[in-house]
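S.K.: Chains as they are written, first to last, in our numbering: chain V, 1 to 149; chain Z, 1001 to 1262.
Don't take each hint at face value.
To be verified - Below are the DSSO-like pairs computed for lysine-lysine, each with C-alpha atoms no more than 30 Å apart in a straight line: (1) LYS39/V x LYS18/V; (2) LYS39/V x LYS1242/Z; (3) LYS94/V x LYS1042/Z; (4) LYS94/V x LYS1242/Z.
Derived from the structure by calculation, the hints contain no laboratory data.
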Amino acid sequence: KCGRDKKMQGRLSVWLVKHGLVHRSLGFDYQGIETLQIKPEDWHSIAVILYVYGYNYLRSQCAYDVAPGGLLASVYHLTRIEYGVDQPEEVCIKVFAPRSNPRIPSVFWVWKSSDFQERESYDMLGISYENHPRLKRILMPESWIGRPL
Amino acid sequence: MIVNMGRHHPSMHGVLHLIVTPDGEDVDCEPILGYLHKGMGKIAKNQTIIQYLPYVTQVITLNGSKKLGSIQVPKKASYIRVIMLELSLYDLLEAATGMGMMHNYFHIGGVVTDLPFEQVEGIGIIGGEEEINWSLSSPILQASRIKWDFQKVYHYDCYDKFDLEIQWQKRRFISSLFSLIKKPSRTFELLRQELNARMEAPKGELGIFLIRDQSGFPWRWKIRSLSFINLQIIPHLFKRMKLVDIMTILGSINIIMGELDH
C-alpha cells in the first residue's frame, strides 16, 4: 500500500512519459500518493497539462527547505474532484529551486487557490512566484525583514 | 474613496482588515490578514505531539500522527470521534470534557474519556466550477450542490458504518455505547515519512502536510487552513454586491481568524 518498491512507477508518471513530458518520479508518500518532481522552467506548461488531464483541485500548496543551506521546494497537492467517485486520484508535485535565486512560475492562472498559498510560501521562505498577480507578504507585516521558515 | 473595515470590529470574526473601495454602492475589497499569526508551523518543529496538542484541538494532528504510527483506534473511540467531529456541539463537548473550546479531548489512539449521553441528534453567489478552482471545501461546495462528502469519499475513520444519505440541510445520528476505551502510551516510534493528512472540520477541509525526520520532530508542519483558503474568494464574492452585504457575505464564509492566521 505504501509503495515501498522504488521500481514501481506511478500512473501519472507513466502517462507523462508517454507524452514526452520531462519529470522525475520521487516515489510515494506514506499514504501511497504518487510524488513527482517537475523542473521550474517546465512547471507552468505541465500545470496546465495536469489541469486538462483532470486535476482540478489544488488541495494544498506549501514550501520547505530540503536541507540546511540546500534547495527550496515548492509542493503542490492536486486532486481530481469528480461526482460519485471513491478514493479520488491524487498526486503530489514538487518543484525545486536554488536558494540563491528561488523563482518558480505561479500557477494562479490554473488554480486560483494558489493566490494566498503562494503568497504564504513567499512570505515564509522567500520563493518568488513569477506572474503572481499580487505577490507580497501575507501573514507577516510588510515591513518584516527575513524569512521565518 | 477607501474605507477601512477592521481590524478591530465586532463583525470581523476576529482580527481581519478589509480595505474596501466602494464605487457608489458597489464594492471592491482587499483583505489584509496575519494579525493573529502565531507561527504555529514554526512552533510545531520543536514540539512532540503531546506537547503540541493544546495548540490544536482538532483531530487532524492526531490523524496525521496516528497514520504515521499505524496505531489502531478502538471501535468505540472511533464512533465517538465521528460524532464529535460531525456535531461539534460545544455544549456536548463541554458536558463530556468540562471545557468549551480547548477541550483536548481527542488523543492519539482514541479519546480521553467516555461520552455522558446515550443518544445524540445532529445538526455570496459562486458557481461549482469556480469553487473547485478556488479549492473551497465541503460546506461551501455542498451549498452549491456538489456532492463531495469528504468522509464518504475517503472512508475516513468509521464513516462507512453509518448509513448516511448526504442531506443538504440537516444530519442526524444515533449513537450507542460500547465497552472500554484503551489509553494510549505517552511516547511511540514514528517513521521518517511525508504525509498529507486531512480531515473534514465543521467549516471545511483542514489539512496538515507533515515531513517527519529521524529526530522525531517535524521538519515541516504546514497547516492547510480552511479559513485561509475560503477567504480568498471574498473580493470575488463582493463584486456587484452592496456595501450592506459585506457582513452577510463574511458570515456565510464562516471564517475563524485564529485558525486562518495559524
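S.K.: Is it true that the CA of LYS94/V sits at most 30 Å from the CA of LYS1242/Z?
M.R.: Cα-Cα ~42 Å, so violated.
S.K.: For LYS39/V and LYS1242/Z, compute the direct alpha-carbon distance and say whether it is at most 30 Å.
M.R.: violated, 45 Å
S.K.: Against the 30 Å threshold, does the CA-CA distance of LYS39/V and LYS18/V hold or violate the hint?
M.R.: holds, 18 Å
S.K.: Would the hint linking LYS94/V and LYS1042/Z be met if the CA-CA limit is 30 Å?
M.R.: Holds, at roughly 21 Å.
In this structure, the earlier hints numbered 2, 4 are contradicted, and the remaining ones agree with it.
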